[in-house]
Each structure stands twice: as C-alpha cells, then as structure tokens.
Amino acid sequence: MPSKRPPLSEKRPKKDWYKLDLSAIVYPTLQRRDFSAVYRLSVTLKAPVDPELLQRAVDIAMKRFPTYKVAIRKGLFWRYLEPNRRPGPYVRPDIKNPCMPMGFQTNNRYLVRFYYYENRISMEAHHCLGDGTGGMCVLQTVTAVYLELQGCFITKKYFVRDVNEEPSPGELEDAYMRYADAGVHPPRVHEKAYRVRGTKEPFYTLNIINGTLSSAETKQVAKKYGVTVTEYFNAVLLYALLQKQEKEWHLRLRPVKIAMPVNLRRFFPSETLRNFITMVYPGIDPRLGAYTFEEIVTQTHNFMRYYINEKFLRGDITTNAATQRNPLIRVVPLFLKDFIVSRFYAAIQDKNSSAGLTNMGLCQVPEDMKPHIERFDIYMGQPFSSRTNCAIITYEDTLTINFASSIIEADVERLFFRKLVQDGIHVKIASNRESV
Amino acid sequence: MSYCVNCGVELDASHKSCPLCNTPVINPKQLEQLIAVPPFPSEKGQVELVKRKDAALLLSVVLLSTAVTCGLLNVFVYKASLWSLSIIGACCVLWVFMIPLVIYTKLSAYASLLLDGVVVCAYLFMLTWLTKQNTWFWGIALPITILVTVLAEIMTFLLRRFRFSFLVTATVSFAEIAVLCVGIELVLNRYLHQRFFLSWSGIVLTICSIITIALITILSKKRLRNAVRRRLHF
Numbered sequence: 001m002p003s004k005r006p007p008l009s010e011k012r013p014k015k016d017w018y019k020l021d022l023s024a025i026v027y028p029t030l031q032r033r034d035f036s037a038v039y040r041l042s043v044t045l046k047a048p049v050d051p052e053l054l055q056r057a058v059d060i061a062m063k064r065f066p067t068y069k070v071a072i073r074k075g076l077f078w079r080y081l082e083p084n085r086r087p088g089p090y091v092r093p094d095i096k097n098p099c100m101p102m103g104f105q106t107n108n109r110y111l112v113r114f115y116y117y118e119n120r121i122s123m124e125a126h127h128c129l130g131d132g133t134g135g136m137c138v139l140q141t142v143t144a145v146y147l148e149l150q151g152c153f154i155t156k157k158y159f160v161r162d163v164n165e166e167p168s169p170g171e172l173e174d175a176y177m178r179y180a181d182a183g184v185h186p187p188r189v190h191e192k193a194y195r196v197r198g199t200k201e202p203f204y205t206l207n208i209i210n211g212t213l214s215s216a217e218t219k220q221v222a223k224k225y226g227v228t229v230t231e232y233f234n235a236v237l238l239y240a241l242l243q244k245q246e247k248e249w250h251l252r253l254r255p256v257k258i259a260m261p262v263n264l265r266r267f268f269p270s271e272t273l274r275n276f277i278t279m280v281y282p283g284i285d286p287r288l289g290a291y292t293f294e295e296i297v298t299q300t301h302n303f304m305r306y307y308i309n310e311k312f313l314r315g316d317i318t319t320n321a322a323t324q325r326n327p328l329i330r331v332v333p334l335f336l337k338d339f340i341v342s343r344f345y346a347a348i349q350d351k352n353s354s355a356g357l358t359n360m361g362l363c364q365v366p367e368d369m370k371p372h373i374e375r376f377d378i379y380m381g382q383p384f385s386s387r388t389n390c391a392i393i394t395y396e397d398t399l400t401i402n403f404a405s406s407i408i409e410a411d412v413e414r415l416f417f418r419k420l421v422q423d424g425i426h427v428k429i430a431s432n433r434e435s436v
Numbered sequence: 001m002s003y004c005v006n007c008g009v010e011l012d013a014s015h016k017s018c019p020l021c022n023t024p025v026i027n028p029k030q031l032e033q034l035i036a037v038p039p040f041p042s043e044k045g046q047v048e049l050v051k052r053k054d055a056a057l058l059l060s061v062v063l064l065s066t067a068v069t070c071g072l073l074n075v076f077v078y079k080a081s082l083w084s085l086s087i088i089g090a091c092c093v094l095w096v097f098m099i100p101l102v103i104y105t106k107l108s109a110y111a112s113l114l115l116d117g118v119v120v121c122a123y124l125f126m127l128t129w130l131t132k133q134n135t136w137f138w139g140i141a142l143p144i145t146i147l148v149t150v151l152a153e154i155m156t157f158l159l160r161r162f163r164f165s166f167l168v169t170a171t172v173s174f175a176e177i178a179v180l181c182v183g184i185e186l187v188l189n190r191y192l193h194q195r196f197f198l199s200w201s202g203i204v205l206t207i208c209s210i211i212t213i214a215l216i217t218i219l220s221k222k223r224l225r226n227a228v229r230r231r232l233h234f
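Same order as they appear, the protein sequences are chains A and B.
Everything in the first sequence is counted per the numbering used here, starting at 1 for the first residue and increasing by one.
Everything in the second sequence is counted per the numbering used here, starting at 1 for the first residue and increasing by one.
Hints were generated in silico from the structure; no laboratory data involved.
Warning: the hint list may mix true and false statements.
[Claimed, not checked] The calculated DSS-like cross-link candidates involving lysine-lysine, where the alpha carbons are at most 27 angstroms apart (straight line), are:
{"#": "1", "chain 1": "A", "residue 1": "K63", "chain 2": "A", "residue 2": "K156"}
{"#": "2", "chain 1": "B", "residue 1": "K44", "chain 2": "A", "residue 2": "K46"}
{"#": "3", "chain 1": "A", "residue 1": "K96", "chain 2": "B", "residue 2": "K16"}
{"#": "4", "chain 1": "A", "residue 1": "K96", "chain 2": "A", "residue 2": "K200"}
Take the sequences, apply the hints, and build the full model.
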C-alpha cells in the first residue's frame, strides 16, 4: 500500500528567519548610542485608551505579522531577522520624547514599541522591519482588534488584516528584488546640499511641532497653484529652507534639497509589509538666481512629473540592488560593510538633502472603524544629523503635519507654517517643546 | 482658542507661548488654558540599557578558567618557576579593566580609572617580585603608571566639565600628549643618567604648546570659534 505523502505545506519547515530587504540593510548600520532609524505612527480614538485591553489586542495582532514580531541578529556577512518568542512587546504610557533610540538587545529584543496617552495609541517601529505602509497595517490591525475586544465589529479592509488568517507570502517578500530588472544602472547624483545649522538639544530630546490643517482647504490652495498637495508642501518646505539659508551667514549658497520617500507600491504591484520605498530629491539651486514661490512650485511640479514614474523608479531600484547583488560585496564581512556603509552615509548620503518630507496621503479605514477614530499622525523620527523631518498624513478632512528635529531653533517650522497661513490655510499648532 | 499674534497660527489650549516663535499667549478671558490636557505627555522616556550579564559571566568564566588551568599546570607539570603568577595576574588586570564595561556599568569613571591604575601597579610589582629586581619598578614603571592614571583622570574631568566638542577634545589631547612625553623622558633620564633633562620631548612640548595655545584662543573667542566651525564645517 503506498504511503500517504504529506501536503507540501506540511512537509516544508516553517521559515524561521528573514533576510533584511534592500532598504533595511542600511538602517542597522547607522545605529548609534544616540540614533536609531525609528518612526512613529499614532491613531487618536474618540475615547480614552484602556491599557489592559490594548495589551491583549497587541498580543493577538502581533502574531499576524511575523516580520514585525522579530529580533535582529548578526550573521557573518549580513544581518537577518529571526522570530522573537520572548514575551512582549508590552504597551506602556507614552513619553515626551518619541522615537528614542532603540537598542537591538533591549525591550526583549523587540523592534516595535506601543504607547498609550489619553485617547491616543502610538506605535514605534525600527525602519529595518518595514516602511510606513507596513507599520500602518500593524497599527490599524491592533486598533481593529482593540475595538473588537470592546465589542465592535470591524470589516477587514484597506490596512486592517484578519488576525485569524496566515500572512500571504507576498506580505513577507522583499519586493525590491522582483522589480530590480532595468537594463542599466542609472548613476546616482550626489551634490552637497544646504544643511540647517542649529544648537543641538541634549541627548534623547526630540522636538515635535504638530500642525493640524483642513484637507479640503489645503487641496483648494494646491489647486490654485495647479499642483498636488505633496508638491505644494514640498514647495513650501523648499521656500522655507531657501529663506533660512539666505538669512544665515554663508560663504556661498548651496542647493536646497528635500529627501522624499516614494511609496513604490503605487507603481509596482506588491502587498509587502516590509520596506518598499525609494528616495527622490526635489530641490532648488539658489545659485541660479532668486526664485519666487510660484517658480519653486513649478520647478517641484516638473521634477515630480519627470522623476516619479515607473521607468525612472525601476532604474533607481536596479542601481540600489546592484550593490547587494555584486558577488565581491557579498563576501565582505559584516563589520567591514558596517564601517564602509556608515561612513558613506555620513559623508555623502546624509549631506545630499537639507530636510526630509514624507506624505502618506489619505489614510483609509473601514467604514465601521470611522466612528471611533479622530485622527492619525506620523512622525519621521530622529534625523541622522541636525535638520528637521516633516511627515504628513490625512484622515477624512484632518491633515496633520509633524515636524521632528533635534535642534533648539524652530526657524524652518516657523517659516513653513507662516507660508501656509499667508496662503489662507488655517493652522493649529501643538508641540512637546519645553518652552511652551 | 488663542492665536499667535506673530505667526497667525492657532495654538493648542495648553500652550503658554507659541512653539514657533516663543511669543507668549496672553488671553485674560481664557483662563481654562491652564488646566487643558497637553497634547503630549510630560514624562520623559529613558533609553533602556543593554543587559550585559551574559557577557560578564562569560568573560569571568574564561578568565577564571585560564588562571586556574595555568595555576594547576604550574603546580603539577611545569614546576621550574612560578610562571603562572604572571598569567594569573594578567587575567586579574583584564577582569578589572572590564568591570565598567560589562560587570558593573554604574561604576564612576574616576573610580574605574583609579582602580585600573592600582591594579596595573600591583601587577608590575608582582613581576618585580618574580624577577627579583625592583629598581626598574620604582624608577620607571610606577612613576609612568601614576602619570598615565593622573592624566586619564584629568582628561575625564575636563571632558565632563566642559561641553564635549571636537575643539575641546583636541585641546585637552594635545596638552596631555605634551605632559606625557615630557614626563616619560624625565623619568627615563632620571633612571638612566641620574639627572633630569629634556631632549626629544622638548620638540613635542613646543609643537603641542603652540597648537594648544592656538586652540585655547579659538575656544575663548566666540566669534573666532564660530568662524573656524563655519570654515571647517564641524
């Protein structure tokens, strides 16, 4: 009698480690005592958060995301993620200084942290696990489970995943490698950009300035200039940086550039919850002459149209993937890779931009979740050097802008919000700064 | 609802001044701003320290086993001399060096450096006892160890006392290099020629003094300091 063969899924052992994706390789090499590539996502509910219920929701939901319930380990040539079966992550009261450095051996080796404060649930994740889209899936699923534990029913739609189903292979994939197939490797352009100077805050201090706007009002203003909301905000930030550079003492002017992550899922179909972004650098070169705001808007608009398309982005991914695929680079021991990458990042990559800006766009939630949610917030986290990072997200008509910086001066933020006010947008400001 | 008169933005009800320009909010009709819930918590988080108990245990076990094995070999196999004492002593020195790094991380830096100096002196003294010659210990080893310990303590104090910066570190380093070189040469000349005089360390002293004085001048003049930072892009 022939023996019954087990199905393939049973025969194959469950994968118990994950390679870091193409972007994630870089973030752990930048880890310092006072810096980790950590971002934060927050959801504000309409009722105060129950910490015990939230802990249960986190425990249930985290099992659904195997690439987030992991610890990072060192191999001989690369780092990797392995499932973390230690207890946690535990929810804790929120703190004044978000996005604190995240040691790889602390917090029971978890690379995510959950906080609660009044009506707000916040999640912080190390960027080596995934980007904002992946993080939003985790946060919204935790929130959905939390609401379900309170007796609500939530449809599994948009970012909300069903905690009872297995994650699909597509959610765990390194999507970069699937699309890194352009025929050429376009060279990277590196030019030292203007760097915001300021007085460094003491260790662990992250200054947040939060602006709340009406999405409809902002769209109207952007429409007036004939551009999208992202292009408009980019132009305003460039305008603020240009003004700041002009007012400062300088030997010579430098180009002002913004590092802006682009969500590649818009161009390359993928359901991955890991990193799938690439950076573009819209900028203005004041050495060419004085730009009016309208000219900056036009320049930004044209830059976005020219560079953010499937062809250019595919070339960019291929260039990035080429280094990882190079057999000579692959055999270099990890400690040497760490040394070289961190030096390269500090000397060239970090100096390539004057500020960071990300716009997650409209955050959609299932209809039955809407009555419980007030707003979403996103924070880009601590900048690698003294500059400011700006993160934008929209929920319904509430558009939130969060500036995060480790310097005392708030000149860029002030110039940015004043321009919005001048354009007729109503802005409400909140901050965690000591002086307020 | 309060607005900043300078920036035109609406401010959170809990704020007493504008976060963008620090202009105070004065609204006598709206006293409830004092009791409004702030948008961010007031508690500051502390970064969790890495627990190094495993590393401390492993290190202690490795050093202890090395010392015990060498001791046993000396007693039962290679009995000609007390050679194992030099290895056991080196293990003790290494263990003391590792105390602030993995064993007791809360130990003050000054105490740790003093302990390091004392244990090195003790180890060197043990070597003199093994070699039956102690003139080099009193003449060279002890004065140089004391000098290095004192300089390390002074450097730690200065770097903690003044705000850490590239310029301060460079100033202290150059000054200490000069003192160390002069000290070493004086001790060596006293030991070898029975008198104090300077030769090569005089050149080091001159160069380091010029650099240190220039750096102190830069540090003491804010305008000069900023000009150097601007030009060198620290």
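Quick rundown of the hints versus the structure:
1. A:K63 / A:K156: 16 angstroms, holds
2. B:K44 / A:K46: Distance of about 25 angstroms is within 27 angstroms: holds.
3. A:K96 / B:K16: 17 angstroms, holds
4. A:K96 / A:K200: 17 angstroms, holds
Checked against the numbered hints above, the structure breaks none of them.
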